[in-house]
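As they're listed, the protein sequences go chains A and B.
Per my numbering, the very first residue in the first sequence carries number 1; after that it's consecutive.
Per my numbering, the very first residue in the second sequence carries number 123; after that it's consecutive.
Hints are not guaranteed to be accurate.
Cut-off 20 Å, straight-line C-alpha distance, at most; resulting in silico cross-link-like pairs (SDA-like, lysine to any residue) [what the hints assert, rightly or not]:
(1) A:LYS49 <-> B:GLY180
(2) B:LYS423 <-> A:GLU7
(3) B:LYS423 <-> A:ALA101
(4) B:LYS182 <-> A:ALA46
(5) B:LYS179 <-> A:VAL26
(6) B:LYS423 <-> A:ALA28
(7) A:LYS47 <-> B:LEU432
(8) B:LYS182 <-> A:ARG31
(9) B:LYS423 <-> A:GLY11
(10) A:LYS47 <-> B:VAL160
(11) A:LYS25 <-> B:SER431
(12) B:LYS433 <-> A:GLY11
(13) B:LYS433 <-> A:ASP38
(14) A:LYS47 <-> B:GLY159
(15) B:LYS433 <-> A:ARG31
(16) B:LYS423 <-> A:ASP40
(17) B:LYS433 <-> A:VAL26
(18) B:LYS179 <-> A:ARG31
(19) B:LYS179 <-> A:ASP42
(20) A:LYS49 <-> B:LEU432
(21) B:LYS179 <-> A:ARG77
(22) B:LYS179 <-> A:ALA110
(23) A:LYS47 <-> B:LYS179
Short derived list, chain A residues pointing at chain B, Cβ under 7 Å [as the list claims (entries may be wrong)]:
(24) ASP20
(25) ALA28
(26) ALA45
(27) LEU74
Now the in silico label distances, taken between C-beta atoms and shown as ranges [said to hold, decoys possible]:
(28) B:LYS131 <-> A:PHE36: 40 to 46 Å
(29) A:ASN33 <-> B:ASP129: 44 to 50 Å
(30) A:ASN99 <-> B:GLU234: 50 to 56 Å
(31) B:LEU309 <-> A:GLY11: 43 to 49 Å
(32) B:GLY386 <-> A:ASN33: 36 to 42 Å
(33) A:GLU97 <-> B:SER420: 36 to 42 Å
(34) B:GLU305 <-> A:ASN33: 25 to 31 Å
(35) A:ASP106 <-> B:GLY429: 25 to 31 Å
(36) A:ASN16 <-> B:GLY149: 19 to 25 Å
(37) B:ILE267 <-> A:ARG82: 54 to 60 Å
To be clear, the hints were calculated from the coordinates, so they are not data collected in a lab.
Think of the CB as a built atom: it goes at the ideal place given N, C-alpha and C, for glycine as much as any other residue.
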Amino acid sequence: MSQALFEKIGGEPAVNAAVDIFYRKVLADDRVNGFFDDVDMDRQAAKQKAFLTMAFGGPNHYTGADMRRGHAHLVARGLNDRHFDIIVEHLAATLRELNVAEASIDQVAAICESTRKDVLGR
Amino acid sequence: MPEILLDGKGYALADGETVLDALTRGGAAVPSSCRSGVCQTCLMRAVEGSIPAESQKGLKGTLQARGYFLACQCMPGGTLRVERPGAEAGRLSATVRAITPLNRDIVSVALECSDMGDYRAGQFINVFKDGTVSRSYSLASAPGIDPHLTLHVRKVAEGRVSGWIHETLRVGDTVAISQPLGECFYLPSDPEQPLLLLGTGSGLAPLYGIIRDALRHGHRGPIHLYHGSRHKDGLYLTDELHALAREHASVQYHPCVSREEPSGDLRRGRVVDLALGDLTALAGWRVFLCGHPDMVQSARKRLYLAGASLKDMYADAFIRSAA
Ligand SMILES: Cc1cc2nc3c(=O)[nH]c(=O)nc-3n(C[C@H](O)[C@H](O)[C@H](O)COP(=O)(O)OP(=O)(O)OC[C@H]3O[C@@H](n4cnc5c(N)ncnc54)[C@H](O)[C@@H]3O)c2cc1C
Ligand code: HEM
Numbered sequence: 001m002s003q004a005l006f007e008k009i010g011g012e013p014a015v016n017a018a019v020d021i022f023y024r025k026v027l028a029d030d031r032v033n034g035f036f037d038d039v040d041m042d043r044q045a046a047k048q049k050a051f052l053t054m055a056f057g058g059p060n061h062y063t064g065a066d067m068r069r070g071h072a073h074l075v076a077r078g079l080n081d082r083h084f085d086i087i088v089e090h091l092a093a094t095l096r097e098l099n100v101a102e103a104s105i106d107q108v109a110a111i112c113e114s115t116r117k118d119v120l121g122r
Numbered sequence: 123m124p125e126i127l128l129d130g131k132g133y134a135l136a137d138g139e140t141v142l143d144a145l146t147r148g149g150a151a152v153p154s155s156c157r158s159g160v161c162q163t164c165l166m167r168a169v170e171g172s173i174p175a176e177s178q179k180g181l182k183g184t185l186q187a188r189g190y191f192l193a194c195q196c197m198p199g200g201t202l203r204v205e206r207p208g209a210e211a212g213r214l215s216a217t218v219r220a221i222t223p224l225n226r227d228i229v230s231v232a233l234e235c236s237d238m239g240d241y242r243a244g245q246f247i248n249v250f251k252d253g254t255v256s257r258s259y260s261l262a263s264a265p266g267i268d269p270h271l272t273l274h275v276r277k278v279a280e281g282r283v284s285g286w287i288h289e290t291l292r293v294g295d296t297v298a299i300s301q302p303l304g305e306c307f308y309l310p311s312d313p314e315q316p317l318l319l320l321g322t323g324s325g326l327a328p329l330y331g332i333i334r335d336a337l338r339h340g341h342r343g344p345i346h347l348y349h350g351s352r353h354k355d356g357l358y359l360t361d362e363l364h365a366l367a368r369e370h371a372s373v374q375y376h377p378c379v380s381r382e383e384p385s386g387d388l389r390r391g392r393v394v395d396l397a398l399g400d401l402t403a404l405a406g407w408r409v410f411l412c413g414h415p416d417m418v419q420s421a422r423k424r425l426y427l428a429g430a431s432l433k434d435m436y437a438d439a440f441i442r443s444a445a
């Protein structure tokens, strides 16, 4: 649906630039970093790249069921709407730092919003 | 239940098992070492069936294209026919040219291997004690500078391979080694970029190659090397590194001890704490981390939070072998 958005934001190079900034914000935020305590940062960063690609409307193979399964262990540990909003907020702030247009940021937020039910396992 | 077929025999794959688990449980002799997808000792080739992409991560494109995968990272969805690696992924023969003590626990081992093509300072090789037991050791040598491949091997109590290297291996012996592996090396992409090198114990080995390789490539940006050990007698090559720092204004060498009062120019503390105290902001730095896995893991996170970019961090954690 949103290949155009992905291209507008800058495609894969933009994802690479964004993952560094985004993941640093998330890891530095005590409200959510407990969910990201993976021992292997490379692995975790690769997953965040998958997340950003998806949120930017880029090519990905994730289904709603995948999102459900992928976050179920986090929901079991208390993942809720507040955490979800914080992540989306960090993502928007990241894109602002990269001078992405507000209209595109809104579209990214909308893509994230469309996954809320699945991510939170409802 | 999916099966793994090897040498005409079938091995049932239980739920949650890797190919390596299933084969070793069934009694097949498959070499393995780290079991973490790093050392590539358990390399195998799939001739029939499909393998998950994760099990090919880090392999050279040419090997991926021919169906090579890491047995310890492979949980296939269906039946798989596999074979042992062929000559193209195979072992090389090296001759021991010198064994020299560097400190009480660490020896330098110089190997001559005419079949090894290009390697990068900072990569590692697997050294085979016999047909199935091998361990990874980083290259402390740099191409174009050192005539032989050089390893710094620390003696681990009861260590099968390090003990064998320290006690049994002799000059003139022949040993089997792997091709050079790993991504922790210097690229002459940006000669002005500041470099931070952190190592503990024999983690100095790859850094000793990398720092000299960078200088040989004409690196002009500042290079800060922090080498840490609990005690002073765990440090080594201190004269050589002090000399390097005297010759090159860009080089700063910080020998650090964490468990004793420092004397002379030694610094007290852990390498990560000292480096962060000195440098505070690391945006734009290229970072190399080698040695103790706990140090590597915590340094990676802390330096990243201090601004270092993920793509500019290179690391080799000297993880223990599981096999
Ligand atoms: C990428 C990579 C690069 C490496 N580079 C180097 C290098 O340059 N120089 C070097 O000396 N080593 C290096 N290592 C570690 C090396 O591969 C071996 O793990 C190490 O030599 C121990 O093997 P061993 O067969 O002697 O001991 P094992 O027989 O495997 O272990 C014997 C016993 O000692 C314990 N043990 C294992 N390792 C340690 C340790 N580090 N400290 C305390 N106890 C331990 C084990 O749990 C076991 O109980 C590297 C590892 C990796 C993954
Ligand atoms: C905004 C909507 C979100 C989307 C679209 C999304 C998407 C993704 C994707 C695509 C992955 C990779 C899955 C994989 O390949 O294994 C992933 C993993 C992950 N996500 Fe999300 N995510 C969202 C929200 C969140 C939130 C709110 C949190 C926690 C605060 C979170 C924490 C994680 C973690 C920790 C992982 C890695 C899990 C693991 O280690 O297996 N995500 N996410």
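Okay, the hints, checked on the actual structure:
1. Annotation: proposed proximity of LYS49 (chain A) to GLY180 (chain B) holds, straight-line Cα distance about 17 Å (limit 20 Å).
2. A threshold of 20 Å between alpha carbons decides the hint, and for LYS423 (chain B) with GLU7 (chain A) the separation of about 31 Å lies outside it, so the pair is violated.
3. For the given pair, LYS423 (chain B) sits about 30 Å from ALA101 (chain A) by alpha-carbon distance, which is inconsistent with the 20 Å threshold.
4. A threshold of 20 Å between alpha carbons decides the hint, and for LYS182 (chain B) with ALA46 (chain A) the separation of about 19 Å falls inside it, so the pair holds.
5. For the suggested pair LYS179 (chain B) and VAL26 (chain A), the alpha carbons sit about 26 Å apart, so the restraint of at most 20 Å is broken.
6. Proximity of LYS423 (chain B) to ALA28 (chain A) is assessed by CA-CA distance (about 10 Å); at most 20 Å being required, the pair is judged to hold.
7. At roughly 13 Å between alpha-carbon atoms, LYS47 (chain A) and LEU432 (chain B) fall within 20 Å of each other, so this suggested pair holds.
8. Under the criterion of a C-alpha separation no larger than 20 Å, the hint pairing LYS182 (chain B) with ARG31 (chain A) is inconsistent with the structure, at around 40 Å.
9. About 26 Å separates the Cα atoms of LYS423 (chain B) and GLY11 (chain A), which puts this hinted pair outside 20 Å; it is violated.
10. Between the alpha carbons of LYS47 (chain A) and VAL160 (chain B) the distance comes to roughly 19 Å, so the proposed pair stays at or under 20 Å and holds.
11. Of the supplied pair hints, the one linking LYS25 (chain A) and SER431 (chain B) holds, its CA atoms being roughly 13 Å apart against a limit of 20 Å.
12. About 17 Å separates the Cα atoms of LYS433 (chain B) and GLY11 (chain A), which keeps this hinted pair within 20 Å; it holds.
13. Restraint check for LYS433 (chain B) and ASP38 (chain A): the C-alpha separation of about 18 Å stays at or below 20 Å, so the hint holds.
14. Note on LYS47 (chain A) and GLY159 (chain B): the hinted pairing holds, with a Cα-Cα distance of about 17 Å set against a maximum of 20 Å.
15. Taken as a hint, the LYS433 (chain B) and ARG31 (chain A) pair is broken in the structure, with Cα atoms around 26 Å apart against an allowance of 20 Å.
16. For the proposed pair LYS423 (chain B) and ASP40 (chain A), the alpha carbon gap of about 10 Å is at most 20 Å, so the pair holds.
17. This hinted pair checks out: LYS433 (chain B) and VAL26 (chain A) have alpha carbons roughly 17 Å apart, not beyond 20 Å.
18. Restraint check for LYS179 (chain B) and ARG31 (chain A): not satisfied, since their Cα atoms lie roughly 32 Å apart, outside the 20 Å limit.
19. With a C-alpha separation of about 12 Å, the suggested pair LYS179 (chain B) and ASP42 (chain A) falls inside the 20 Å cut-off, and the hint holds.
20. With a CA separation close to 12 Å, the supplied pair LYS49 (chain A) and LEU432 (chain B) stays within the 20 Å bound.
21. With a C-alpha separation of about 30 Å, the suggested pairing of LYS179 (chain B) with ARG77 (chain A) is violated against the 20 Å cut-off.
22. Straight-line distance between C-alpha atoms of LYS179 (chain B) and ALA110 (chain A) comes to about 33 Å, which puts the hinted pair past the 20 Å bound.
23. Straight-line distance between C-alpha atoms of LYS47 (chain A) and LYS179 (chain B) comes to about 14 Å, which keeps the hinted pair within the 20 Å bound.
24. Checking ASP20 (chain A) against chain B: minimum C-beta separation of about 5 Å stays under 7 Å; hint holds.
25. Taking 7 Å as the C-beta cut-off, the interface hint given for ALA28 (chain A) holds, the closest approach to chain B being about 6 Å.
26. The closest approach between the C-beta of ALA45 (chain A) and any C-beta of chain B is roughly 5 Å, which is under the 7 Å cut-off, so the hint is satisfied.
27. Interface restraint check: LEU74 (chain A) against chain B, minimum CB-CB distance 19 Å, threshold 7 Å, status violated.
28. Between LYS131 (chain B) and PHE36 (chain A) the beta carbon distance is about 43 Å. The supplied range of 40 to 46 Å therefore holds.
29. Judged by the Cβ atoms, the range 44 to 50 Å given for ASN33 (chain A) and ASP129 (chain B) holds: they are separated by roughly 48 Å.
30. Restraint check, ASN99 (chain A) to GLU234 (chain B): a C-beta distance of roughly 55 Å satisfies the suggested window 50 to 56 Å.
31. Checked against the given bound of 43 to 49 Å, the beta carbons of LEU309 (chain B) and GLY11 (chain A), roughly 24 Å apart, lie outside it.
32. The hinted window of 36 to 42 Å between GLY386 (chain B) and ASN33 (chain A) holds, with their beta carbons roughly 40 Å apart.
33. For GLU97 (chain A) and SER420 (chain B), the Cβ-Cβ distance of about 26 Å falls outside the hinted range of 36 to 42 Å, so the restraint is violated.
34. In this structure, GLU305 (chain B) and ASN33 (chain A) meet the distance hint of 25 to 31 Å, their C-beta atoms being roughly 27 Å apart.
35. A beta carbon spacing of about 29 Å between ASP106 (chain A) and GLY429 (chain B) agrees with the range 25 to 31 Å that was offered as a hint.
36. For ASN16 (chain A) paired with GLY149 (chain B), a C-beta distance near 45 Å fails the hint of 19 to 25 Å.
37. At roughly 56 Å, the beta-carbon separation of ILE267 (chain B) and ARG82 (chain A) lies within the given 54 to 60 Å, and the hint holds.
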